[in-house]
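Chemist: Residues per chain, in single letters:
6 protein chains.
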Amino acid sequence: MDRLPVDLPTPNNPSPNDAAALQELLGGKFGEMSTLMTYTYQSFNFRGKKRLKPFYDVICSIAGEEYGHIEIVSHAINLLLTGSTKRGHDPSVAPLSGITDMRNTRHFIASAQTALPMDSMGQFWSGENVFSGGNLKLDLLHNFFLECGARSNKMRVYEMTTDPTAREMVSYLLVRGGLHVVAYAKALEYLTGVNVTKLIPTPELSNKAFPETRKFEENGLHRKLYTFSQDDYQSAGIIWNGTHPEDGSPLEVVFGAPEGVPVPELEEEPQLNSPGAEDFDMDMYKDIAKKLGIKL
Amino acid sequence: MDRLPVDLPTPNNPSPNDAAALQELLGGKFGEMSTLMTYTYQSFNFRGKKRLKPFYDVICSIAGEEYGHIEIVSHAINLLLTGSTKRGHDPSVAPLSGITDMRNTRHFIASAQTALPMDSMGQFWSGENVFSGGNLKLDLLHNFFLECGARSNKMRVYEMTTDPTAREMVSYLLVRGGLHVVAYAKALEYLTGVNVTKLIPTPELSNKAFPETRKFEENGLHRKLYTFSQDDYQSAGIIWNGTHPEDGSPLEVVFGAPEGVPVPELEEEPQLNSPGAEDFDMDMYKDIAKKLGIKL
Amino acid sequence: MDRLPVDLPTPNNPSPNDAAALQELLGGKFGEMSTLMTYTYQSFNFRGKKRLKPFYDVICSIAGEEYGHIEIVSHAINLLLTGSTKRGHDPSVAPLSGITDMRNTRHFIASAQTALPMDSMGQFWSGENVFSGGNLKLDLLHNFFLECGARSNKMRVYEMTTDPTAREMVSYLLVRGGLHVVAYAKALEYLTGVNVTKLIPTPELSNKAFPETRKFEENGLHRKLYTFSQDDYQSAGIIWNGTHPEDGSPLEVVFGAPEGVPVPELEEEPQLNSPGAEDFDMDMYKDIAKKLGIKL
Amino acid sequence: MDRLPVDLPTPNNPSPNDAAALQELLGGKFGEMSTLMTYTYQSFNFRGKKRLKPFYDVICSIAGEEYGHIEIVSHAINLLLTGSTKRGHDPSVAPLSGITDMRNTRHFIASAQTALPMDSMGQFWSGENVFSGGNLKLDLLHNFFLECGARSNKMRVYEMTTDPTAREMVSYLLVRGGLHVVAYAKALEYLTGVNVTKLIPTPELSNKAFPETRKFEENGLHRKLYTFSQDDYQSAGIIWNGTHPEDGSPLEVVFGAPEGVPVPELEEEPQLNSPGAEDFDMDMYKDIAKKLGIKL
Amino acid sequence: MDRLPVDLPTPNNPSPNDAAALQELLGGKFGEMSTLMTYTYQSFNFRGKKRLKPFYDVICSIAGEEYGHIEIVSHAINLLLTGSTKRGHDPSVAPLSGITDMRNTRHFIASAQTALPMDSMGQFWSGENVFSGGNLKLDLLHNFFLECGARSNKMRVYEMTTDPTAREMVSYLLVRGGLHVVAYAKALEYLTGVNVTKLIPTPELSNKAFPETRKFEENGLHRKLYTFSQDDYQSAGIIWNGTHPEDGSPLEVVFGAPEGVPVPELEEEPQLNSPGAEDFDMDMYKDIAKKLGIKL
Amino acid sequence: MDRLPVDLPTPNNPSPNDAAALQELLGGKFGEMSTLMTYTYQSFNFRGKKRLKPFYDVICSIAGEEYGHIEIVSHAINLLLTGSTKRGHDPSVAPLSGITDMRNTRHFIASAQTALPMDSMGQFWSGENVFSGGNLKLDLLHNFFLECGARSNKMRVYEMTTDPTAREMVSYLLVRGGLHVVAYAKALEYLTGVNVTKLIPTPELSNKAFPETRKFEENGLHRKLYTFSQDDYQSAGIIWNGTHPEDGSPLEVVFGAPEGVPVPELEEEPQLNSPGAEDFDMDMYKDIAKKLGIKL
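Protein chains in written order, with this note's numbering: chain A, 1 to 296; chain B, 1001 to 1296; chain C, 2001 to 2296; chain D, 3001 to 3296; chain E, 4001 to 4296; chain F, 5001 to 5296.
Quick caveat, the hints were computed from the structure, so don't treat them as lab data.
The structure displayed is predicted, hence computed values, not measured ones.
Where hints are given, some of them may not hold.
Below are the DSBU-like pairs computed for lysine-lysine, each with C-alpha atoms no more than 35 Å apart in a straight line [unchecked claim]: (1) A:Lys86 <-> E:Lys4086; (2) D:Lys3224 <-> C:Lys2286; (3) E:Lys4050 <-> E:Lys4208; (4) D:Lys3198 <-> E:Lys4050; (5) C:Lys2291 <-> F:Lys5198; (6) E:Lys4050 <-> F:Lys5290; (7) C:Lys2086 <-> F:Lys5198; (8) B:Lys1198 <-> F:Lys5290; (9) E:Lys4208 <-> A:Lys86; (10) A:Lys224 <-> A:Lys208; (11) E:Lys4050 <-> E:Lys4198; (12) D:Lys3208 <-> F:Lys5050; (13) D:Lys3086 <-> D:Lys3286.
So that you can see chain A by itself, here it is in the shape it has in the complex:
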């Protein structure tokens, strides 16, 4: 699906170093690559899934959402990088001058001012970050910890910047990641009877301290679990019900995916030869598309 979960404002100013910091939320040990891949592999590897279906369905539902999270962090990074060097075709004017003083040169050499699966130090994400041990209680405990750790990172990255693109994106993640914290806590409670939701929030500061989260919470985004499928994973609703441990609002399971907004168009950066192909004649394919009945 070619849509983003939330609308990102254009940055006030491009900022390579803010983009470099956001990478932690994408490819860091506690970044969205880790949550996406951990839940994905846990879903592939789930033993006894008939007997324990509600737990399987919760993990699958959240895995389904995480794909949108690597997408939205990537887009925030891309927006912050776009326009951060001098546009043009002549390399001899050193259009990338100044970049050697920035923190992450990979954004300008290995990619055309866009995101890569690495952390805020430019270290690439590793499959070692996936935990899929196969004992359900332990896996859920891990996921609860992972989401709390991820939340801590988001809070700290939020505090590093005043840029609205970054803040909007991080706040969205705080709300949805916050929901994942609750979901795994409730799953553990359902399995063991221990009152794990009372450990929320960890760290102690509430999401409500982050002003940009308000509109998302007003739309109920902190209490709606999406299954990302019309038919599968419905029994997630057996775990995801009752009330939210922080504000008592009613938890709700939604069969399907949120609608989303169009993905932002990224401007060309000719000084990076990106995308290049300047002689390519797009009219040609428009005609063909019309003939073939293809929607562009």
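With chain A fixed as given, assemble chains B, C, D, E and F onto it according to the hints.
Modeler: Using the frame of chain A, we list chains B, C, D, E and F on its own:
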């Protein structure tokens, strides 16, 4: 979507070392994690996507398929590992004896006889394997090479085993990966006019030399490109048309995803405490599901 | 202190592959290097330690014990490796023949049949395994998870072998690591009021299923927390008291360290030139020692 | 033991980038993690320790000291990081602004402005840095080289900063590391008769060129080897005697550990939720401590 | 041979951050270490080399040149680093102050302001970057892609700096690397008949857009393939002939190596104790050299 | 130069596991990649090379030789791997069956039964193994240690196998690496006056204990230092003269390179599609070669 692209037979015998070898196709440099993540990031990072939509749509369509590929390799590994140790609850009988002589102990310690994103040497997949340089011609050239390299790996892994689960899965990947080779070759041709499809097959041996591929080819799986969306990515069909360079069959673009088959149920492995939770009362949730109108 | 926490029997037979598997408990993600270093750095990095002294003291006490744990795993590995090749001075008889078929060649090339900080796949331990986030609740939650994960690994490694050295050592770790699980659960309870101890045991199988643990439990090793200092860290006793969640026995804090047993003497392996120095005259230093009043 | 080997002044100004540079001395290839862990594993792995006791005891004595070295580098880093961001509870004022321009974001995301086992580029320490080959002559030669390499790094890091905390700490390490250089040189001499001490100093600049080392040398810290045990490791004194190769002062072995000074209290950093737990009532535990006779 | 392929001007100003960026071209995934080592291993591993000699000879000829490329990138880095700190013998004046704000501290700690095999983020080069799959068509396709990717990196690094040393060196690499692109394209063409040279240039911008390349092209450096041997590898000329795909100039194979220029003398940096050895009496060896008839 | 330093016998039997072990001498921490690259970078980075020319020339001469060492280890590996699977074109007979039980699957997936820059555990060589600190005394001390460590590894790998190819190659390396040990010891002696050569041999066992070394020593290969250049590096002879510390034979410097023997032809392995290109018509190029006067 809780479905696999192809039906995997049960292995003749569990085989930890065959499973260890299959990991190369999952988490190796040329494994499905690399293709999935490379095309995913290229789609996030695409500049000038309106101008060059057919190329964007081809990359997105293939990215959409790769998710199913990490899934199916994982399931083949899981099937080969399931039952490979003595089932039971008593650790003192050393139910895992013999495993210290197997090649990949991670399958038995870090997971409960299931897949992890690592290669055939147990080295974890790294984000460094993602290439997303941002120049379209270079990215397509990379993708063409990556798919040829992946094909070479699949061919060699196929030759290592006579197990039907492994061979069925690898043959499926040969056919679909073979289609991706053609797709990137055609995209390069469309962009540059150079006859890249004539380099196919690389390595020279045809997929037809692998008997299990036949039924897939008979079903047209080597010539149908799926967009994995009803509405988006249709213009992939502008590139994906004409005839197949090897057998001249007509290329076809399908708007949407293949139907798939149910995901295999993985048996419990109590000696690994997987999934554990043996006191959990599944009747309880069945009643609730009925009340809530939830499909199990 | 030149003493081991527990007496290790001599292996029935040297076994390089069992030794290779034990490495997971030393240098794996959930091995003793990770627990030792995590608690060590958390103790260095503790903010507000006056205000929160009992928590600091619990972490320091456990950190103090972990050093003995890397020691005992190393010694078990060393015992299993000692004598595993043909002893002698003549390299031309290929005294290490057969080793090229073993899983971990580092034991025979990078060391003289002894332990190194690596895991069961020969991958070296990394500082990335240290978690020291600085929020107390999150750090304790991490530690509780880490110890549960470590416990799962110990259980699985135990099941791989019938060798008494390996089983004795792993059982000791199960008991003492089990105590650490309880300690971090109680610390979280003390901080938050949530009864985390009810999640114990995770995975669900009790330590009592491992026969070699019995004698350790009979000696109370599952209920005595040592501070490893006469004076410091006493307030660990504020958290560590009451009864054990599994058997209701009384928890006890001991100011100081357990007495321990002498470290095993490792035989020489001349085919590895270890230790070499065969011309060294030890009588010479014995005389000097006598003169200088030095205890040998 | 909850004490530091030397008293560290408070920095003139917090400095994240100086702290980042100091990390080389903690988690770099030649940092204190490498010396600590190398000597620790060499002591575990020592073959023929009865026959070669003085060498074993020298290695153990130095291993004992290195723990204090990772501690003191960590505390210097912590002091330089403490107070480097705006203190407070409100994330919306961007209390960490400016940090995205600093070199090591891990200090602010993965930890609460404190040390981690990584080097000056933020690369984590690896067990690959441990050398424990098992041939005594080769291990001693390695240790002599390692300490000379470490000395070179300390000298260069010293030159990078004028901050008194950093310089005091590095100077202390130069003096004690300098003693380790001499100790391994003397051990090699004792074993082989080659007068390796004449290679000292390597690099050629004397510690006396670093003004802050003077007071330490006046207290004899360059000539006193501690055994860190009253009873064990005494025969280190068989090797450690005679005179210092640089100033001819008498070498002295001390049975036991230096007294040390209290560990600095680290202030809270609420903007990082460190340590959090602000509702925790410390009076409660003070009363309990009194009742239980526990020293706080 | 103690000679460089091209004369490098002295930098206008030393620049540690420009030097840090140049490291990408040395030790990055697409740097000269990768091309050198890939072609070197492909030459060792070539199967059927009699039957396919012209291909073997092309690979060997290019491998021979790459050694000079790691050399010249290293020298450019060294020149940019030389003199970047305060020269002198007194560490107490903090001669390296300011360095903690630079991007790559390894240049100042692990080396004496000189090059190391790492990339622009300070990550070390890995053997994983070597591709030597053994199927000739696939290896050539890889090499063609690798050289195009390397070219993209060079173009972007060029754009980051106005320093003449950096630009001269990168321009030289653009020309010679451009020749390697053509050589692998022609080899593929010779093998398969597909006119791969028409994909040149990738990315689309011509080398002619970089002013410093002109003098090299005027000297024919974009059309002369050297075999780096008088006798071996001559059959490279079977592939390397005809005309250049961009400017139609005649391709030429040269049996042997270009003459080169003397390697720049690197000044001493006493504040880094480099090279030290200040008491060493060079007159002594000059006399001996004369006696032994040795050329200095 | 297309020649090997020594003639390697054909293995008695192909042996993938022996080949896997030999990789330690190629890509291990103490393998030939490490010596080659360390001396190469030290030569690039040498400061004050006019003043200290004999040292520079020794390092360059040895660097020159190390290239031949990575070559010969690679060829030994290749010979041991060649023919280790069933030759043929039909993948369906599982020609690689049995390989999933071998230790290093990379030899069969990432390459066509040939060498890669990795160690005996399949871990890739890293640039982190390069030491180039820039202080001459420290660099020489490092090199002396590195060569002793490398010697220890060679001795142990020798002991693992009775295969004549492996033993011949390792014995050659023992002799030539032994010469490098002496060379760096003598360089240190020349610089400092300390008689480091008396530490030889480390480990204590003499090369003479390895029967295959005898013929090499009889040919003087343990006492001839080659400069690998007619004109450059001659002043290495100022350091390399006098007598050998072990047998008193006269040291000799040779201006130039040893003659060498032809590189072995590697047979094709069609089941790995290596080299493929079976339709390629070699007659065609032979005719062209004749016309162009090109030596094949």
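Chemist: Next, verify each hint and record whether it holds.
Modeler: Verification of the hints:
1. A:Lys86 <-> E:Lys4086: Status holds; Cα separation ~34 Å.
2. D:Lys3224 <-> C:Lys2286: 22 Å, holds
3. E:Lys4050 <-> E:Lys4208: Not satisfied, since the Cα-Cα distance of roughly 38 Å exceeds 35 Å.
4. D:Lys3198 <-> E:Lys4050: Measuring from Cα to Cα gives roughly 57 Å; hence the hint is violated.
5. C:Lys2291 <-> F:Lys5198: 30 Å, holds
6. E:Lys4050 <-> F:Lys5290: 16 Å, holds
7. C:Lys2086 <-> F:Lys5198: With Cα atoms ~30 Å apart, lysine 2086 of chain C and lysine 5198 of chain F stay inside 35 Å; holds.
8. B:Lys1198 <-> F:Lys5290: Judged against 35 Å, a Cα distance of about 30 Å means the pair holds.
9. E:Lys4208 <-> A:Lys86: Given pair lysine 4208 of chain E, lysine 86 of chain A holds - Cα atoms ~20 Å apart, limit 35 Å.
10. A:Lys224 <-> A:Lys208: 17 Å, holds
11. E:Lys4050 <-> E:Lys4198: 29 Å, holds
12. D:Lys3208 <-> F:Lys5050: 30 Å, holds
13. D:Lys3086 <-> D:Lys3286: Cα-Cα ~31 Å, so holds.
The structure fails to meet hints 3 and 4 from the earlier list, while all remaining hints are met.
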